[in-house]
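A.B. asks: Chain residues, written in single-letter form:
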Amino acid sequence: MSSRTVTLRARHRAGAIPRWLGWYMFLLPLGIPILTYLVPSDFCILAGIAASLAGFRRENAGQPRLGHPASFLLAWIGFCFLGVLIPDHPDFFAFDIASTLWVVLSALCVRHGLRDREGIDQAVRELNKLFLPLVLFCIGGLAAHWMGLDDWTGGVFSFRLYLPFRFPILLGAYLVAAYPFAVIWTGLPFKRRIVHEILYLIVISGIGARSCMIVAIGQVIWTEWNTAQDSRTLFPRWLRFGVFFTAACSAGLVLSSEFTFQRSLGVAGVEAFAKDVPRERQYERAFDHLPDWITGIGLGCFKGRYGEELHNTPVNLLVETGIGGLLAAHAGLLAAFLPLAAGVRRMAEPWKTRVNALLCAGAGLYVLGLFHNLLRNRYVWLVLALSLAMSHAAPSSRSPARDDSPA
Amino acid sequence: MNPDMNAVIADWREAAGRHRKWMLLCLAAAVILEIWFFRHPPRGYEATDVVTVGEAAGEPLIGFAKVWDRLINDDAFMTDVMALGWGPASEPRDKILRRLNLEVRPGMSFRMFSPGMAEIKFTQGTYEGVRPFLTAFTKRLLEHLRIYSAREFEKRRYRLGVNVEALSRKRIALQNMFGTGALVTSGFEPEDQEFRPDPERVSVADLASSSFLGLAGMLMIDTARLQEAVTMQAWKELTATETQPLVLAPREPTLLTDPASPARLVQPLVGLLHLFIPIAFFFLFLAGMTFFESAGDDERSAAGRAGD
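Protein chains in written order, with the numbering used here: chain A, 1 to 407; chain B, 1 to 308.
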């Protein structure tokens, strides 16, 4: 009891985050499941749930005032339970609803663990710790591939080039979510930023997904367009935009066509820029369920019926959770991000830049979600939790003047 | 229960009490959806009938798919079946045809278990009318199948009978042409249970002493006899009346399943939906409640700021 009290009290210190949250953010880039769906960082959430429940009971005494985004989230969970194909695929539904509730719970725990902006900054810094090592690790994998490691190992190593994740797109989602925090949030100086951007584009090219490359190019351009650091003095904004637009697009095109090694090795089975037959088939199947769009077919039931996921998150929401689910999910997203987007102009540095990073990550993941099913992706829910925390977090009580100071 | 937990429950109960209309709305929506899904379960009800198409000598007499396509697209036939299954309709013809095209035809399907056996399935949103329609449809379908298969059987029987006659005449003609001097092997009759092939029946010496013409005649007569025996065998199989082989492959189209078997749910676990509907609306109620509470807080704080 005494130790718990100490932990809870310690958390209220400005800028301090619970230990479980620090470890969670640090371990989040390690995405290999070690127990069915659970990755290493999920075990930190178990501690977080206990701490959050204790904190909730002590501090909130069960006030049913969770804010508009949480209301929409609850509504969306409600719509998840209405699905006309659930009786056909109860196993798929059970897995998907359990894993979805798990990531929602994780996001709520993260949100609950972040009380002030300094705490959010501390959590993001924990997340950033593994970004560069992971990027360098992936580039090492790429370099090994280019040097012929696959030939030497008989192709055994090639499918592991997206370590520490299970699938290439999970690496892509992590990079898209983590890049803005590692580069924009921290306010990297010009030269380091450029190095990060180049490394980012190279690693993204290795994933072999067109969507990832498009989002990465957009994020790099976003970074340079919105960066308020030293580069402003070197070039005018329009010139910076033009140069980076051209450079990023060229790099993206070159890297995508030359080095999409996952696809070139035949892992995906199609050319990088070929016609997308699987997605066309998925959309046809989604439209076959047009009469079911009112209540949806049930979470996970598309995969249960066709053996593949629908690679478009909004369409997947529409098909599986119905019109109500789609609207509730988007209302929740808007409720989480609109206050930030509306208030970003009035914010002082460095929080303006940091909110910019958050919006960049959110936009990037949304665009990526148009090409993949990211409903149960932990980074999506992390960004959502951070945006909710940012919307409601009070400025640090430690040094109010610090809010207005440049990074 | 500790005091904290009591306070939490009391808080939520108090908040729920403030939103009774929303609670009633959710409750009403849940009840309506429960009743709707009870009356119209997703994917509906289905009834199946298994029929044999009618076989002769191990082959189906007619192609089932061809008959199916012919009948399922026949508006007159289908409306007759609707009248037979559901009773004569007082609705105008265009409404009957609309129902036929929107509800009945999309619900009809079949699959072949084997070349001579088909499963017919009829699916509808509600329980009533599924079995009567399918029973009527199967009855009329069997009538058509019987007519087509009987006609086809007669055709085959005639063709084979003529063939047997022609081959017999050919064999007799050959025997007469070559006369008694030709070596004629004894014939094989399918009914002859004692028959065993005996290559030694005709000695090499006999063959050696025969004339060239005699040997040629023997070869031709044997070939004709073989053709005649095979055709006769086919004839006997086609016209067999023993019941044992006909159980597995009945000549006449037959309904194998009991027409009294009731329609069943397409989704056997549809009860899960009835369990999940209250859960869904509980979450929707919570969502509305927290939304209204937050909105109320916002209004109060805005009013407080205006008052200051």
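Derived by calculation from the structure, the hints in this document are not laboratory data.
Quick caveat: nothing in here was measured; it's all calculated off a predicted structure.
Among the clues, some could well be false.
Stretch by stretch, here's where chain B covers chain A in the computed footprint (C-beta under 8 Å, at least three residues) [what the hints assert, rightly or not]:
#1 87-98
#2 162-168
Far from chain B, by Cβ distances over 10 Å, these chain A residues were calculated [claimed, not checked]:
#3 Ser41
#4 Leu82
#5 Val84
#6 Arg125
#7 Ala143
#8 Ala144
#9 His145
#10 Asp151
#11 Ile194
#12 Val195
#13 Ser250
#14 Gly307
Some but not every residue of chain A turned toward chain B, in silico, with C-beta under 10 Å [unchecked claim]:
#15 Leu74
#16 Ile297
#17 Pro314
#18 Val315
Glycine is no exception: its CB is placed at the ideal position from the N, C-alpha and C atoms.
A.B. asks: Now, for every hint given, state plainly whether the structure supports it.
C.D. replies: Taking the hints in turn, this is what the structure says about them:
Three residues within the 8 Å Cβ limit are the bar, and the region 87-98 of chain A against chain B gives 3, so the coverage statement holds. Only residues whose C-beta sits within less than 8 Å of a C-beta in chain B count toward coverage, and the region 162-168 of chain A has 0 of them, not enough to reach three; the restraint is violated. Distance to chain B confirms Ser41/A as a non-interface residue, since its nearest Cβ pair spans about 27 Å, more than 10 Å. At the 10 Å boundary, the C-beta of Leu82/A falls inside the reach of chain B, the nearest C-beta of that chain being 5 Å off.
A beta-carbon of chain B comes within 10 Å of the beta-carbon of Val84/A; the shortest separation is about 4 Å. Every beta carbon of chain B lies more than 10 Å from that of Arg125/A, the smallest distance being close to 31 Å; the non-interface claim holds. Non-interface call for Ala143/A relative to chain B: holds, since the shortest CB-CB distance, roughly 50 Å, exceeds 10 Å. Non-interface status of Ala144/A relative to chain B is upheld: no Cβ of that chain comes within 10 Å, the nearest being about 49 Å off.
Annotated as non-interface, His145/A keeps its C-beta farther than 10 Å from every C-beta of chain B; the closest such distance is 47 Å. Interface exclusion of Asp151/A from chain B stands, the closest Cβ pair being 50 Å apart, more than 10 Å. Interface exclusion of Ile194/A from chain B stands, the closest Cβ pair being 44 Å apart, more than 10 Å. The beta carbon of Val195/A is kept farther than 10 Å from every beta carbon of chain B, the shortest such distance being approximately 44 Å.
Separation of Ser250/A from chain B is adequate, the least Cβ-Cβ distance of about 47 Å exceeding the 10 Å criterion. The claim that Gly307/A lies off the interface holds: its Cβ sits roughly 19 Å from the closest Cβ of chain B, which is beyond the 10 Å cut-off. Contact between Leu74/A and chain B, as hinted, is supported at the beta carbon level, the nearest pair being about 4 Å apart and thus within 10 Å. Interface restraint check for Ile297/A: the shortest CB-CB distance to chain B comes to about 9 Å, inside 10 Å, so the restraint holds.
At a threshold of 10 Å, the smallest CB-CB gap from Pro314/A to chain B is about 20 Å, leaving the interface hint violated. Nearest Cβ of chain B to the Cβ of Val315/A: about 20 Å, over the 10 Å cut. The hint is violated.
Comparing the model with each numbered hint stated earlier shows that hints 2, 4, 5, 17, 18 do not hold.
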